[in-house]
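J.: The opening residue of the sequence shown carries number 11 in the numbering used here; numbering runs sequentially from there.
Because the hints were derived from the structure by calculation, they are not lab data. Cβ atoms here follow ideal geometry from the backbone N, Cα and C, with glycine treated the same way. A few of these clues could be false.
Claimed, not checked - Label pairs and their computed distance ranges (CB to CB): (1) L124 / I49: 26 to 34 Å; (2) I229 / R24: 45 to 53 Å; (3) I49 / R24: 39 to 47 Å; (4) L171 / R24: 38 to 46 Å; (5) D66 / T183: 30 to 38 Å.
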Amino acid sequence: MMERSPKPPEALMRAIARDLRPVRPSPQPRDLALRMVPIALLVSLVILLAIGPRHDLGTLGPLLTWGASAAQFVLAITLIWIAAHESTPAGRLPRQIVYSAALAACLVVVFVTLLTFSRSPASEPVLRVPPIVNELLRVKPWIMGFACGIGSTLAGGILVLFFSWVFRNSLATRPIVAGALYGAGAGLAINAGWRIACPVSTPWHALGAHGAAIIATVILGALIERFFGNRRLHIGGTPS
């Protein structure tokens, strides 16, 4: 006959009982994505209000101005929703959907940029600053590109940090993919407001400076999730 296992000590059982706490179920991907909408919308609107809308909104029209930015924002939330699915291994979406959404984001940014340039090819900044500043930006356009790139990267970085906190309990088996997705969502959400404020329409500026900011948030999100993913794996693993 097999010997029965000895009964655990009473002190151990009491310690385990004291440590038992109810665990909240993981939020659904839709709910997780919707939690990020207010902060993403708030940061995007603050940027627009701080810089002010571009001077050629009448030429662009409401569809190419607000409609295009709304489409970018919806696409940003879609990427975050896909990232939320990545955080739940059982709910992970097929690779084709993930890659198609990422490709759609790239195509939308390029298409909106080229369409904006064709409608209003503004190549010289006209900002609410002293004329000498506008003249300096006209002579040295790289300064405007540098300012847009750094500014939108910092704003996107704020969103990425917030998103990483929301995703802190992620169980993603591909954490780098999840981080890159919500990083892309952050970059697109910021660009949705930034493009309405930036007075320069040239593709080299929009795709160079603004596009570089989106790439930066993608990389930042991927690095953050890689770090937290390795940390969760280290904590959850058993020593050999």
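J.: Taking the hints in turn, state whether each one holds.
T.: Structure-based check of all given hints:
no., hint, verdict
1, L124 / I49: 26 to 34 Å, "30 Å, holds"
2, I229 / R24: 45 to 53 Å, "49 Å, holds"
3, I49 / R24: 39 to 47 Å, "43 Å, holds"
4, L171 / R24: 38 to 46 Å, "41 Å, holds"
5, D66 / T183: 30 to 38 Å, "47 Å, violated"
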